[in-house]
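Participant: Chain residues, written in single-letter form:
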Amino acid sequence: MVEPSAKQTHANGQALREAPPSLESSLRFVEVKRYGKLARYLFWTLTVSGAALLTAYLVPPVWLLELQYVAALALFAVATNLLVGYGGMVSFGQAAYYGLGAYTIALAWLHFKAPFWPCFLLTPLVGAAAAFAVGFIALRTRHLYFALLTLAFAQLFYTIAEQQYDITNGATGIFGIGIPATLMDPQKGFLFVFAVAALALLALWKITTSPFGLTLRAIRENRVRAETLGVNVFRHELLAFVIAGAFSALAGGLFIIHDQAAYPELLDWTKSGEPIFMLVLGGMNSFLGPVLGAFVYQISHELIVQHLKDWQLVLGLVVLLIVLFMPEGIVGLFNRTMWQRWLGKHAAKSPAAQKQPHAPAA
Amino acid sequence: MTTAGGLFIIAAGLTLVFGAMRIANIAHGSFYMYGAFLVSTLVSTFGSTAFWVSLVAAPLAVAALGFAMEVLVLRRVYDKDHLTQLLATYAMFLIFADLALRFWGAQSRAVAAPAILSGSIQVGGASFPVYNLFVVVVAALVGLGLWALLRFTLLGWRIVAAVEDPEMLAAKGTNVRMLYTVVFTLGAFLAGLGGAVIAPLQSIDTGLDASIIVAAFIVVVIGGLGSVAGAALGALIVGLFEALGILWTPAWAPAFIYLAMIVVLQVRPSGIFGVAETPW
Amino acid sequence: MLEVEEIHTYYGESHVLQGISLSVNEGEVVALLGRNGAGKTTTMRSLIGLTPPRRGRVKFFDKDITNLQTYQIARLGIAFVPSGRRVFNSLNVEQNLKLAAAAAHPLADRRWTMDSVFELFPKLAELRTRRAGFLSGGEQQMLKLGCALLANPKLLLLDEPSEGLSPAIVGQLGEWLRKLKHKGLSILLSEQNALFALRLAERGYVLEKGRVQYHAPADELLNSAQVRAYLGVKFVEAS
Ligand SMILES: Nc1ncnc2c1ncn2[C@@H]1O[C@H](COP(=O)(O)OP(=O)(O)OP(=O)(O)O)[C@@H](O)[C@H]1O
Ligand SMILES: [Mg+2]
Numbered sequence: 000m001v002e003p004s005a006k007q008t009h010a011n012g013q014a015l016r017e018a019p020p021s022l023e024s025s026l027r028f029v030e031v032k033r034y035g036k037l038a039r040y041l042f043w044t045l046t047v048s049g050a051a052l053l054t055a056y057l058v059p060p061v062w063l064l065e066l067q068y069v070a071a072l073a074l075f076a077v078a079t080n081l082l083v084g085y086g087g088m089v090s091f092g093q094a095a096y097y098g099l100g101a102y103t104i105a106l107a108w109l110h111f112k113a114p115f116w117p118c119f120l121l122t123p124l125v126g127a128a129a130a131f132a133v134g135f136i137a138l139r140t141r142h143l144y145f146a147l148l149t150l151a152f153a154q155l156f157y158t159i160a161e162q163q164y165d166i167t168n169g170a171t172g173i174f175g176i177g178i179p180a181t182l183m184d185p186q187k188g189f190l191f192v193f194a195v196a197a198l199a200l201l202a203l204w205k206i207t208t209s210p211f212g213l214t215l216r217a218i219r220e221n222r223v224r225a226e227t228l229g230v231n232v233f234r235h236e237l238l239a240f241v242i243a244g245a246f247s248a249l250a251g252g253l254f255i256i257h258d259q260a261a262y263p264e265l266l267d268w269t270k271s272g273e274p275i276f277m278l279v280l281g282g283m284n285s286f287l288g289p290v291l292g293a294f295v296y297q298i299s300h301e302l303i304v305q306h307l308k309d310w311q312l313v314l315g316l317v318v319l320l321i322v323l324f325m326p327e328g329i330v331g332l333f334n335r336t337m338w339q340r341w342l343g344k345h346a347a348k349s350p351a352a353q354k355q356p357h358a359p360a361a
Numbered sequence: 000m001t002t003a004g005g006l007f008i009i010a011a012g013l014t015l016v017f018g019a020m021r022i023a024n025i026a027h028g029s030f031y032m033y034g035a036f037l038v039s040t041l042v043s044t045f046g047s048t049a050f051w052v053s054l055v056a057a058p059l060a061v062a063a064l065g066f067a068m069e070v071l072v073l074r075r076v077y078d079k080d081h082l083t084q085l086l087a088t089y090a091m092f093l094i095f096a097d098l099a100l101r102f103w104g105a106q107s108r109a110v111a112a113p114a115i116l117s118g119s120i121q122v123g124g125a126s127f128p129v130y131n132l133f134v135v136v137v138a139a140l141v142g143l144g145l146w147a148l149l150r151f152t153l154l155g156w157r158i159v160a161a162v163e164d165p166e167m168l169a170a171k172g173t174n175v176r177m178l179y180t181v182v183f184t185l186g187a188f189l190a191g192l193g194g195a196v197i198a199p200l201q202s203i204d205t206g207l208d209a210s211i212i213v214a215a216f217i218v219v220v221i222g223g224l225g226s227v228a229g230a231a232l233g234a235l236i237v238g239l240f241e242a243l244g245i246l247w248t249p250a251w252a253p254a255f256i257y258l259a260m261i262v263v264l265q266v267r268p269s270g271i272f273g274v275a276e277t278p279w
Numbered sequence: 000m001l002e003v004e005e006i007h008t009y010y011g012e013s014h015v016l017q018g019i020s021l022s023v024n025e026g027e028v029v030a031l032l033g034r035n036g037a038g039k040t041t042t043m044r045s046l047i048g049l050t051p052p053r054r055g056r057v058k059f060f061d062k063d064i065t066n067l068q069t070y071q072i073a074r075l076g077i078a079f080v081p082s083g084r085r086v087f088n089s090l091n092v093e094q095n096l097k098l099a100a101a102a103a104h105p106l107a108d109r110r111w112t113m114d115s116v117f118e119l120f121p122k123l124a125e126l127r128t129r130r131a132g133f134l135s136g137g138e139q140q141m142l143k144l145g146c147a148l149l150a151n152p153k154l155l156l157l158d159e160p161s162e163g164l165s166p167a168i169v170g171q172l173g174e175w176l177r178k179l180k181h182k183g184l185s186i187l188l189s190e191q192n193a194l195f196a197l198r199l200a201e202r203g204y205v206l207e208k209g210r211v212q213y214h215a216p217a218d219e220l221l222n223s224a225q226v227r228a229y230l231g232v233k234f235v236e237a238s
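Protein chains in written order, with numbering that gives the first Met the number 0: chain U, 0 to 361; chain S, 0 to 279; chain R, 0 to 238.
Since the hints were derived computationally from the structure, they do not count as laboratory data. On a predicted model such as this, the values are computed, not experimentally measured, just so you know. Any given hint could turn out to be false.
According to the in silico footprint, chain S covers these stretches of chain U (three or more CB under 8 Å from chain S) [said to hold, decoys possible]: (1) 93-103; (2) 172-181; (3) 220-228; (4) 262-274; (5) 320-328.
Cβ coordinates follow ideal geometry from the N, Cα and C atoms, glycine included.
Produce the entire structure from the sequences given, and follow the hints as far as they go.
Facilitator: Next comes the structure, spelled out in structure tokens:
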């Protein structure tokens, strides 16, 4: 599923240095290669929706609400990973689009009592538009300057949200936002959020394996070579930035379903750090790594704050351990040759299991 | 000017560390906060005369913390990529934040300046708080000290050389790893000093680290990463923008420094005194 | 004094030096020749520890220095003079020199002092307070040499010193190097300008694709048609 398109983009003689990480390798325990394409889709659709339904009916409502949040964060993290992991662009301001998505619904409700659905559908567009404007300026710089420029823009949004009391309720935030009654129900709400997040992830998966996604990775691996091959690097990066902004905003919209509130902290720079922690936690070299990261991050957050107040301490130590000793995150554990050896099979090493630089090229 | 003075002290340390070591140290904000907290603890335990001692003791303690962080954590990430380095300092930032919460609690604290530094003086009809002048003087002394260090001492030249070309510096017999330890410790000292000096001017609480680090990065980026003179200029610009913002339209004032940074980087993509290529 | 045994050096995954062996005796000038990308610079970087070899050994006065840190190797008495304009641009001439002098081994005999360097390069004395970034190419070359000498090394690694210099200055450079040779300094000299190098050197190694292709006394290399053909245009032009 991955290979043909890889060849397609590089038909002009240059092969990618690294093969892309594949979804299959992330979920390698299930052998799906024998089925046809359609069967494979059917299989995954059934498995995923079955799992969702089971979850919705088995998990207590309190945790369902938590899982809503996890789904929103997972989408946020995967969207951010399109930039950080695939594009090698470390943006430290993704909370801007996430928060903007939430504020889009919140402000429309506050000022115009606007209905939920059109606003919800609008969130990705708002995110995309904002990301286009920011990316257009920020992508002229790179590396740390890029990280700090994206951060500056996010902080700009943050101060507006915090200071403009007349427009945004300032630091207090906006609470009790009206959403359709069906979505208030934990089970239905969960199913809806889950479905939206799953579809969005599917779209992102398609994007990362498309020629565009592969070119993006080629740029990360070797920018100069991509340029000499005639790739318009700026446009590719801008498009990636816009896509990430749109999906982050959608995630912010999902957050509204979970919380019915929008407040300035959604835009703060520390919020921008969260998806980065998640993707590092889960593993930025695989598509679903950030999802796993979001799950582990949020659930352990909930469990830890119930007993301890030192969540940041634990998080800091875990992140430190991961960057020092487990650069491929939790997903890396499944890919390690150690495990393969332990399981006694040296067989079929998928491309993604081979050693990959875990980092965006410097 | 006061804002600029305080910002300069902290930004100078950040820019040195970044320039010489190519590490963007998010935990620099924690060092600043610890400097302020330590002063508040010393003053509240030993009375306001302890202020003068704490002005030296607090930065020294913070420098020791910086030393430990360099030896225990940073040394393991020098040969890794930048995201890893950034995450390592971010992780330290989180750890320091919770430790501060443990030691000092969530309540905000205030430090009283010693008597000689309180009150205000009249200069040409306008009145200036004495303490604000004190901050400016300390900032000027720090600037002078750094200038002399970089200009006249072997250590200073080594730092300048490390900003430019660490490989060649090593080939000329300098133990660059050790130099990094020294620079990082010095940076932590400056952050601690910044926090200590600013302590009487603001309420000290556990959010200080996050707010100051963003401002400090902006100052450093505006001035050009690695340039102490740039940090001074950047601090002035940010201070000025903030002051103007408050005069003009208070509600929008905090947005001004971000705008300042965005504008400066449009005109000069590597900061005012930055070298053309971005080292990161 | 310097023995290099079968070193293999990589940049990331790319295998650049594929088993290079060479030696430099005391008081000897040895040329390292080869076309662009042959591995001359990489060889020098491997010797000084900037890109340590993954396999093989480097011995200096019978001491294994393969795994030492760059600064330790430098302090043992090997000075590396890189090609191009790699001086510390924002330091002035005097600061550059003093910084380099600080690298000298504490027990090294200080044959070279600030004064003797200024004697060899009077121009540098005039330019003392000029920022190195503002020097001309020739002046920077003097500064680089001066810095290397002040470290009082036993072995000088010179990477393409003639690169980018005008013919007149290349002539000057030849003079300086001859002087250093007569003072007994050992030099490993990498060059694309083979004629220039072989006139100074006793022996030469010709590298190709990270391997030693030929190794012979300088005059033999000069007269070998094969080597001429390999080293190509520049060599023919010069002779
Ligand atoms: N930093 C690097 N990363 C990857 N490959 C490198 C790097 N530096 C050099 N190389 C490769 O190593 C090989 C040898 O390069 P080296 O610089 O040693 O050649 P050289 O003989 O000094 O050439 P020149 O005469 O052009 O200076 C070349 O193929 C080059 O492309
Ligand atoms: Mg070379």
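Participant: Each hint should be assessed against the structure and marked as holding or not.
Facilitator: The hints, checked one at a time:
1. Counting residues of the region 93-103 of chain U whose C-beta sits closer than 8 Å to any C-beta of chain S gives 0, which falls short of three, so the coverage hint is violated.
2. Figure legend: the region 172-181 of chain U, annotated as covered by chain S; annotation inconsistent (0 residues with Cβ-Cβ distances under 8 Å, at least 3 required).
3. Three residues within the 8 Å Cβ limit are the bar, and the region 220-228 of chain U against chain S gives 0, so the coverage statement is violated.
4. Proximity of the region 262-274 of chain U to chain S, defined as three or more residues with a beta carbon under 8 Å from a beta carbon of that chain, is established by the 4 residues found.
5. Given as covered by chain S, the region 320-328 of chain U passes the check, having 3 residues with a CB less than 8 Å from a CB of that chain where 3 are the minimum.
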